[in-house]
Amino acid sequence: MVHPSNASGDGNRESATRTAVIAGGFDLIVTLGALIAASSAVILADFFKTLLEFVAVLLAWLAIRRIHRGANHEFDYGVGKLENLSSLAVAILMITCLLVIVINAAHSLFHPGEITGLGVWISFFSQVVYGVINTRLCLRSRRLAREQNSPLMASQADLFYTKAIGNGFIFLSLALSLLLRGLPWAHYIDPVASLVIAGSILFAALGIFKDSTLDLLDRTLEENSQIVILRTLARHFDCYEELHEIRSRRSGSRVFVEIILGFPGTQSAAEVQAAARRLKEELEREIASSHVTIGIA
Amino acid sequence: MLEITPTAGQGFLHIALKGEITSATAPQLERVLAECLAGDQPRLWLLDLEALPFTSSAGLRVFLTYTKKIKTAGGRLVFCSVQPAVAEVFEVSGFTQILSIAPDAAAARHLLLPD
Chain F
1 MVHPSNASGD GNRESATRTA VIAGGFDLIV TLGALIAASS AVILADFFKT LLEFVAVLLA
61 WLAIRRIHRG ANHEFDYGVG KLENLSSLAV AILMITCLLV IVINAAHSLF HPGEITGLGV
121 WISFFSQVVY GVINTRLCLR SRRLAREQNS PLMASQADLF YTKAIGNGFI FLSLALSLLL
181 RGLPWAHYID PVASLVIAGS ILFAALGIFK DSTLDLLDRT LEENSQIVIL RTLARHFDCY
241 EELHEIRSRR SGSRVFVEII LGFPGTQSAA EVQAAARRLK EELEREIASS HVTIGIA
Chain H
1 MLEITPTAGQ GFLHIALKGE ITSATAPQLE RVLAECLAGD QPRLWLLDLE ALPFTSSAGL
61 RVFLTYTKKI KTAGGRLVFC SVQPAVAEVF EVSGFTQILS IAPDAAAARH LLLPD
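From first to last, the protein sequence lines stand for chains F and H. Oh and the first sequence: position 285 is 285 in our numbering, straight run, nothing missing. Oh and the second sequence: position 39 is 39 in our numbering, straight run, nothing missing.
Simulated from the structure, these hints should not be mistaken for laboratory data. One should not assume that every hint holds.
Said to hold, decoys possible - The calculated lysine-lysine pairs, modelled on DSBU-like cross-linking and capped at a C-alpha distance of 35 Å, are:
#	chain 1	residue 1	chain 2	residue 2
1	H	K69	H	K18
2	H	K69	F	K280
3	H	K71	H	K18
4	F	K280	H	K71
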């Protein structure tokens, strides 16, 4: 059963991320149009950056959809493999994009020239439009992250914030290249700015690598989840007599919780089992991807 | 860093906490509370949190465990002078529903020893 407030929260998150996928897809088409109709290293870098961002939002949307669909554990093993393959595909895509941007920037540095073509104006226009859209999506995701205490929405907010900053940066670099086109050194603005974008992609790639590595290691459960465990135990305060031990660990995306409780001798075995089952079910509902064991002392 | 000062007398055990309860200091608190519970101490306990500006979930776990233990042993535990940040954690974790909390030591004394 899905709790009504949780269902509403999941719906909002899915809706926000779906909007981001649609906006990202349209942005990708516009950026591709600008790339085809222009000669600019920055616009090439912008296209690859937009492509990577679109893939990231698309994967987040697919993950939210999978969580929203709920308790279907039959294909967990297969989905885990799919997630690993997705990460690998994103990593290969990032490296390819970086290589293309750096090689193109190096070529432009050795053979500097003016940025030209209708694509420059398409890019100008799209930076303004998407700057506004990304700022609005960032504010919306930040509000949802605050209201629902959702780390996924918080990471989406950070992503849109970075995208909005990127829009401003590309707008500025194109504007400077056009305004200062009479000066010989201004021809270097375009390739140098594309290298800055390549740097931001590399920074993001290192972040993904760090997070993925951490996910492979066992570590202590976050404070928020520890509070959820204690809140549930507080809610069931009168159902048990003694709290002997709480052990919890995060292993990748899975959470393991073991709680040892003491029950009064006056309670029957069936009552004890029922109380333990209620506690286990409630905790597994509250903590995503958790496996809870209630030990009876 | 956590200072724990238990003082017996006045018909109850007064335990003052000074510092912060983290995963590093929580075992120290648990040890002291276990010693007090095992010893020949009164059944009534007062945990004075006036100088405790922070507790992590490790501290909450100790509070929950010993609230249960003292209750099972037939005693009573009252918390007093809870600082704002700790009060917020108590509220979020639902502990305000299960703990006896007094605004200050005098009110706590009154809860433990009504007359």
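Hints, verified against the model:
Restraint check: the Cα-Cα separation between H:K69 and H:K18 comes to about 23 Å, which is no more than 35 Å; the hinted pair holds. This hinted pair checks out: H:K69 and F:K280 have alpha carbons roughly 22 Å apart, not beyond 35 Å. A C-alpha spacing of about 24 Å is found between H:K71 and H:K18, which places the hinted pair at or below 35 Å, so the restraint holds. A C-alpha spacing of about 24 Å is found between F:K280 and H:K71, which places the hinted pair at or below 35 Å, so the restraint holds.
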